[in-house]
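Q: Dock chains B and C against the given chain A, drawing on the hints supplied.
Protein chains in written order, with the working numbering: chain A, 1 to 437; chain B, 1001 to 1216; chain C, 2001 to 2191.
Just so you know, these hints were derived from the structure itself, not from any lab.
Possibly wrong hints are sitting among the right ones.
To be verified - Sample of chain C residues with no beta-carbon within 10 Å of chain A, all distances over it, derived: (1) D2010; (2) A2031; (3) L2070; (4) K2071; (5) S2079; (6) N2112; (7) I2115; (8) R2122; (9) N2163; (10) K2165; (11) V2178; (12) T2179.
To be verified - Mimicking DSS-like on lysine-lysine, the simulated pairs with C-alpha atoms at most 27 Å apart in a straight line are: (13) B:K1035 - A:K75; (14) A:K40 - A:K56; (15) A:K40 - B:K1189; (16) B:K1189 - A:K56; (17) B:K1035 - A:K32; (18) A:K433 - C:K2172; (19) B:K1050 - A:K40; (20) A:K32 - B:K1050; (21) A:K151 - C:K2172; (22) A:K308 - A:K151; (23) B:K1035 - A:K67; (24) A:K349 - B:K1050; (25) A:K18 - B:K1035; (26) C:K2123 - C:K2004; (27) B:K1050 - A:K20; (28) A:K67 - B:K1168; (29) A:K310 - A:K433; (30) A:K431 - C:K2172; (31) A:K77 - A:K20; (32) A:K414 - A:K302; (33) A:K75 - A:K18; (34) A:K32 - A:K18; (35) A:K32 - B:K1189; (36) A:K170 - C:K2172; (37) C:K2072 - C:K2172; (38) A:K151 - C:K2004; (39) B:K1050 - B:K1035; (40) A:K170 - A:K308.
For every residue, glycine included, the Cβ atom is placed at its ideal position computed from N, Cα and C.
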Amino acid sequence: MPDEKQLKARIKKVNIKKIKNVLETLDGARIKTWLNICAKCGLCAESCFFYLANDKNPEFSPAYKIKSTVGEMYKKKGDVSLPFLEASMEALWARCTMCKRCSQFCPFGIDIAAMITIGRSVCQSHGFVPEFLAKAVENYRVSGNQMALTKDDFIETCEWMEEETADEIKGLTIPMDVPEVKFMYTLNAREPMYYPQDIAQIAQILTVAEESWTMPSEGWECTNLPMFAGDRTLAGIIVENMYQKARDLKVDKILVTECGHAYRSTKYEGPYLSGYPDGIPPIEIIHSVELFCEYLESGRIKIDPSKKLKEPVTYQDPCNVSRNGGLWDIGRIVMGYLADDFREMSPNKDYNHCCGGGGGYIPMGPEYRVKRMVSGKIKAEQIRKTGAKLVIVPCHNCFDQINDLNEEYDLGIKSVSIKEVLCEIMMIPDKFKPDEE
Amino acid sequence: MYEFLTGAGVWIAFVIFAGGLFVRVASLYGVSRQKDAVFYNHTNAFEAVKSIFYWLIPWGSIAARTQPVFSSMVYLFHVSLIIVPLFLSAHNVLLQEAFGVGLWSIPDSVADIMTALMLVAGVFLFIRRLVRPEVRILTEIRDYVLLVLTMLPFLTGLLASLNIGPYKTMVILHVLSGEILLILIPFTKLGHMILFFFTRAFIGFEMGGRRGARTW
Amino acid sequence: MYDKILFCSDLFVSTDQAFLNALQMANDSDAQLLVFHVLESGHRYSGHVETYDAEVVSDAEVFDKIAGNLKKYYSKLISSNFKDKIEIKATGGVPIPVPSTPDIRYEVRGGNAVIEILRFARKEDIDLIVMGSYTLGVDDESDEEPKVEQNGDPKVEPSLGSNAKQILLSAKCPVLIVTPPGQRLNIELDD
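With the rest of the complex left out, here is chain A (with noise of 0.2 Å):
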């Protein structure tokens, strides 16, 4: 049930005008074309794990979903009502993750997602947005980051993890807005809040690879949920942010920390969202999984093989970093250096589901774990049906929402982040190794 004071975010009566300004604004020919032609033929639902794991329930099918929202809402020119807006909240919300699945199952390869977007700037407009989500959007909006964190707190988080680090690799430092490196690393907030290990396991590997990388003190945050929660003037400040900072640091590229959306934001959506004409980033994007990629590839990085996983071991293709972010073979690249029994789970890479976690379902929270349990029921199939005992996982997203179903189906699995299983099992060169005392 959503609290007192986001009933009062919501706004009373609705703005006919508000709606249809924002429906002229996003309609392009893009959209007029697909509300049109959709022929009907109800293929997108089989893409759907929403409606796979929802018994086949057709108001969870792609099509519907938008017929129900997004359609209505333009026939309707705009004039619909406030429990409309309610329902479309939900369907927009709990019951798509915008992986875009079903634009490959589509005939007309119409970009479904790109329509939820749509969707969810109305519902956002009205104040309808799923509360967790709402207030994460409140922190970006204050601090920069989802997590409200301080500038100081960050910079005394990655100070922190350098001493922490120091025992392990000797000479391991977390430059701060060191100017002309060639990477500005970039991360999500819940690693400095949550897991500040993340930093100092990132530190390591880049220490150990001789890399020459820098922390920005601000624009260091890629995650944006702003773009999931239909805030897209914020969400291209946010991007923009991210920009500026490597602009002023003069690095060559961005590297993106493992996760998902983070990708899709700063590399493909960022650019539009934050008014790139070229729809480019100004900024060549990085992300982590192709960086160990080239690091493993290239020798920069060993394994040492008495350490290489010897247990089944099975890999989360997110959506955000496979089908959305085209890096599906590249993980599999650096899974074969890191596994000696690696599994492929059904369907997979570019064809993969969604963990259900992903568009912002996550960050939605407990009042809708349910539901996101429900809908895991396909990816937590798939996993067991591997075997594998560990998932190797580079999206925050899918980190937790895969941990939550190995807890709600018994999968008996532990899901890690590549650069946990790089830490663990790369060989330290002499040179970093901490003096015997």
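A: For chains B and C alone, kept in the frame of chain A given last:
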């Protein structure tokens, strides 16, 4: 009546059909240049062709393989829908008489079989709409109407060709329903006969070109 | 001996003894005592702290309120316990002087308990961390129900909570774990 339908009626139908489609595509192009200009930076002919090609060949797409019976029916339906009217000898005779040129023709027996198959497929699609919940929930009255309207010229043509029922009435109905269908194409979802290529090309750019992901 | 002592409160009465010990040590060393509580977040994405059942959503206001409550509670505990209980139980009957205004600071944060305690300890340059031995009496990693004694009192088997374990093994300073007298484990050696 017959004279009008086969004379001015044909002209009117073809002008609305071609003109309507042209205007629709041109206006969409105009809007896209204005509002979706950014996407033109990602055009990629090869990916567009791939995206279209895999959906034109039978069972070329993952979705088609997921529902093989349905996709076979759709394929039969569309292939007949294009081939029969274009290459029917009776149509080409008319063209020959009017303009002195005609297309190559398929044997009438083949045309009859294809038409029959198309009608079977059409009935299948109609029933599928009624039976499968995920399709029924999307379907509106006009979707049934359009499907029936699409089949009508073929049904009447086949009946006329096989001399079943009053010939003259069948021919009039055939021409009339054919003209209605042509006129409707630019203004309904049937516009996908052209727009299919554009939307497929777009998703080819976005998913195939920028990410290398399969869109089929 | 110590300048700053950190007492981690889990809001359960069972850690009262640990608090009294911490206070006593702070008093002995003329150290500042920091009472710290972490509102554990059930989910780690939005950066907001909420209970597992999503009933409470906390923000700065809630943190201040909880800090205020902690202060009230422990002030009362000091006044009611110090003269009798602590002298007898914790010091074996030797009376110790209590400063009229002990130097105590109360802080509340949201997040993951282990991370926040370690982060806070580093930031404040803490010399000693004092904690109770367990939280609800149930090992976080097992599903066992708390054991109930025959007389009906919910007496729980003491165990080292996973947070205490983690802090014990990760902290840069000494860590003191205190089990309250009434709940100590009988000496049983595994074969």
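Q: Could you run down the list of hints and mark each one as holding or not?
A: Consistency of the hints with the structure:
no.: 1; hint: D2010; in the structure: holds (19 Å)
no.: 2; hint: A2031; in the structure: holds (23 Å)
no.: 3; hint: L2070; in the structure: holds (22 Å)
no.: 4; hint: K2071; in the structure: holds (24 Å)
no.: 5; hint: S2079; in the structure: holds (36 Å)
no.: 6; hint: N2112; in the structure: violated (5 Å)
no.: 7; hint: I2115; in the structure: violated (6 Å)
no.: 8; hint: R2122; in the structure: violated (5 Å)
no.: 9; hint: N2163; in the structure: holds (14 Å)
no.: 10; hint: K2165; in the structure: holds (16 Å)
no.: 11; hint: V2178; in the structure: holds (26 Å)
no.: 12; hint: T2179; in the structure: holds (29 Å)
no.: 13; hint: B:K1035 - A:K75; in the structure: holds (20 Å)
no.: 14; hint: A:K40 - A:K56; in the structure: holds (16 Å)
no.: 15; hint: A:K40 - B:K1189; in the structure: holds (10 Å)
no.: 16; hint: B:K1189 - A:K56; in the structure: holds (26 Å)
no.: 17; hint: B:K1035 - A:K32; in the structure: holds (12 Å)
no.: 18; hint: A:K433 - C:K2172; in the structure: holds (21 Å)
no.: 19; hint: B:K1050 - A:K40; in the structure: holds (23 Å)
no.: 20; hint: A:K32 - B:K1050; in the structure: holds (24 Å)
no.: 21; hint: A:K151 - C:K2172; in the structure: holds (24 Å)
no.: 22; hint: A:K308 - A:K151; in the structure: violated (38 Å)
no.: 23; hint: B:K1035 - A:K67; in the structure: holds (23 Å)
no.: 24; hint: A:K349 - B:K1050; in the structure: holds (19 Å)
no.: 25; hint: A:K18 - B:K1035; in the structure: holds (19 Å)
no.: 26; hint: C:K2123 - C:K2004; in the structure: holds (12 Å)
no.: 27; hint: B:K1050 - A:K20; in the structure: violated (37 Å)
no.: 28; hint: A:K67 - B:K1168; in the structure: violated (43 Å)
no.: 29; hint: A:K310 - A:K433; in the structure: holds (25 Å)
no.: 30; hint: A:K431 - C:K2172; in the structure: holds (25 Å)
no.: 31; hint: A:K77 - A:K20; in the structure: holds (6 Å)
no.: 32; hint: A:K414 - A:K302; in the structure: holds (24 Å)
no.: 33; hint: A:K75 - A:K18; in the structure: holds (16 Å)
no.: 34; hint: A:K32 - A:K18; in the structure: holds (19 Å)
no.: 35; hint: A:K32 - B:K1189; in the structure: holds (11 Å)
no.: 36; hint: A:K170 - C:K2172; in the structure: holds (18 Å)
no.: 37; hint: C:K2072 - C:K2172; in the structure: violated (30 Å)
no.: 38; hint: A:K151 - C:K2004; in the structure: holds (26 Å)
no.: 39; hint: B:K1050 - B:K1035; in the structure: holds (26 Å)
no.: 40; hint: A:K170 - A:K308; in the structure: holds (23 Å)
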